[in-house]
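Trainee: For reference, the chains in residue letters:
There are 2 protein chains.
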Amino acid sequence: MSESSVLRVGLLGFGTVGSSFAEVLAASGREDILITRIFNRGVERKRSHERAKFLQPEVQWIEQAEGVIEAADVDVVVELIGGLDPVGGWLRAALKVGKHVVTANKQLIAYRGPELFDVAAKANVQLLYGAAVAGGVPVIPGVAQGLGGDEITRVSGIVNGTCNFILSSMEAGADYGEVLANAQRAGYAEANPSADVDGVDARAKLCILTRLALRAEINPDEVPAQTISAVAAVDFAYAKELGCTIRQVSRSQKHGDKVQARVGPMLVPTTSPIAWSHGTQNMVVTKGRFGGDVVFSGHGAGGHPTAVAVMSDVLAIAQGSAAVRLPTKHAEVSGEVSAPYYLRFIVADEPGIVAAIAGVLAKHHINIDSILQHRGHESERLPFVVTTEPCSSAVLEEAIAEMGAMPFMLEPPLALQILVVDDKDTD
Amino acid sequence: MSESSVLRVGLLGFGTVGSSFAEVLAASGREDILITRIFNRGVERKRSHERAKFLQPEVQWIEQAEGVIEAADVDVVVELIGGLDPVGGWLRAALKVGKHVVTANKQLIAYRGPELFDVAAKANVQLLYGAAVAGGVPVIPGVAQGLGGDEITRVSGIVNGTCNFILSSMEAGADYGEVLANAQRAGYAEANPSADVDGVDARAKLCILTRLALRAEINPDEVPAQTISAVAAVDFAYAKELGCTIRQVSRSQKHGDKVQARVGPMLVPTTSPIAWSHGTQNMVVTKGRFGGDVVFSGHGAGGHPTAVAVMSDVLAIAQGSAAVRLPTKHAEVSGEVSAPYYLRFIVADEPGIVAAIAGVLAKHHINIDSILQHRGHESERLPFVVTTEPCSSAVLEEAIAEMGAMPFMLEPPLALQILVVDDKDTD
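If you read the protein sequences in the order shown, they are chains A and B.
Residue numbers 1 to 427, in the working numbering, belong to the letters of the first sequence in order.
Residue numbers 1 to 427, in the working numbering, belong to the letters of the second sequence in order.
These aren't lab readings, by the way, just hints derived from the structure by calculation.
From a predicted model like this one, the values you see are computed outputs, not experimental measurements.
One or more hints might be untrue.
Any copy will do: because identical chains look the same in the list, a pair fits if it lies in one copy or spans two.
Calculated cross-link-like contacts (lysine-lysine; reagent style DSS-like; alpha-carbon spacing at most 30 Å) [unchecked claim]: (1) K53 x K254; (2) K53 x K287; (3) K329 x K53; (4) K363 x K287; (5) K96 x K329; (6) K287 x K254; (7) K96 x K363.
Please construct the entire structure, taking both the sequences and the accompanying hints into account.
Mentor: As structure tokens, then:
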């Protein structure tokens, strides 16, 4: 910190979150934290941003990131641009010259966290990232400072607000394509929604949570991610009959030396807190050996909630507070789990279909738990559902491939894991 | 910390939480944290405690607290005894001689926190108390480290597990006296349950949350607390009809320079997360100006969850992490709120009762929202309910006093605040 006891912030990015951070900082009335420099492309346009009024007139607008990273009048670099490159190199350089770093960059922390934490430790500065997972929900500091004393065996959550918005709207009757288009118009979803709906965003967040909660380093690329785009209205109707709804769940749990990790749409019992998230809400549930289940929930995204997380990290640095960082181990990801499954088929109806499907499942020693077929669907395009008793996901995949090749199958079968609520837990 | 980089812990109290802490520490496998001394009365009995096996054989058992507080081989004093005196003096002395302190003592932190924080700051040591509110739920570090950047305007919660166990059991059909007796047999409730059921315990916790979240110092003695012991089975039936359940809610919110604070049984809409806590679960909901509502929930009490909070605080100290501590202001408590109310009367039925009650309410300009009277009750002892539109609690109290004096009234009327779920919030 500078001699004057003012913590000087250099901001990388003055978009939604960056400008919200300026507003939250101004509202705090704190005179010991000051934004001195802002890097952004197209500085002239940003100068006239409606939230630029929250900045001090002396702030310097800069079009080269180096002009912030290496500036003598910057103590903390706040990075709100995202992506691995060139941002990763910038932050590494900033840490090396002794700047603290606060970032909302989930991909960077997921893929290169360990390396950057080491650089920070060597330079005796802080690298904080409370905004990288679940935005305004303090799950990162909550787990780091508050659950370090437990042995967490599982972490599950809803960490992508866009998917939760889409799925909870579908639960209320909306159509996938329609609600995605609405979300895009409202700015909740990108023009290319793949990072959200295909689980790439959630996967990075799950890896960060896995490092912190399970103290295991896993590679995001190894985590299986299933798209939500195959989930249809009929699945919500069948899920309801099973006492469930459907959510994009990110989940990892210890399994010997490995970590079972997965992101994808799952059937969630309506009695589980995970089913309670609506709209763009986020929720994370940890399961501790000694403390049991702990739930964190709130607004995961949006400029203001994310800016609260950024501001809280900056305040922690201003206070000289260092984050608790426990040792982690590298772990391999096991995509295989043993779980009950929901299988939905769309078939051209003909005699013998149930027998054929049941035959394949029997051959793979997968027990059927229930068969559901609602009235009122056309027999040329008939959706029906089989739920299974717990079985190996690897074995199930073989069975699915076999069933998918059957001539009456009009679409690839949809297989969704069914979350089980443990007796003594809320998750 | 000692030169050997081992953090040496002196434990005050080897009861349920203290012995659970020993177990959690042993399970962590950390060799850099060591319990060197334990103070407890009746040391001989404690030495043979089943969890004494988790201690190092070299641990010293001591019957004088000074033998821990001032010992050269203690870096952190962990206090798990409770109460204001003599513990307050012991911890003050420990801080003064440069020991860090970790405590689960809610009364001490509520009543004497500011003074003790100052002593700690002067001695450049940490005073951490994550276990003082909501045990295993990391609401203290979560709010301190993760929500410092927001302006929190309200904090509400379920912070007394015993009351939640009693009320959620009553919701499921149990009788107050019966469930209290069960809770006492199971060890959830004290032989004298007053601290729990009358809100004294919750009030201390609410003051700690108010300091941290609203950054306001309030006097626990000024916070109105209403007992849950007047709530009867019939109230759950009427609450259900109103789409609500009943919980002991602790709640404070900013109101100009004052803080509106209150502890007591309230009607909670079943759509509010506060209604979702069952059994001994705890839940805290903060409402932030920028970040919106954040929910923390989990196991609030019990040896192991509380020990997780203690262990997390000890780990933070071992890591050299200092807690974020934001400036607070003294604030007066205003017990007065404007809220809708649930009024339940037990009367000896006769003509004109509704008219008489309605007349008193009209005289005080309190609008009736609904009148509920279930069939099947005896007319000599008839319970019925009036709900009001939002009104001043002070005005309501006058009306209640007037109605309570009416000759047909067999019991003092029961008035419960009805929590309102805001449009855009979860709380």
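Trainee: Give a verdict on every hint.
Mentor: Status of each hint after checking the structure:
no., hint, in the structure
1, K53 x K254, "between (49 Å within a copy, 27 Å between copies)"
2, K53 x K287, "between (44 Å within a copy, 26 Å between copies)"
3, K329 x K53, "between (46 Å within a copy, 29 Å between copies)"
4, K363 x K287, "neither (35 Å within a copy, 54 Å between copies)"
5, K96 x K329, "within (24 Å within a copy, 39 Å between copies)"
6, K287 x K254, "within (11 Å within a copy, 34 Å between copies)"
7, K96 x K363, "neither (59 Å within a copy, 72 Å between copies)"
This entry does not satisfy hints 4, 7, going by the numbered hints stated previously.
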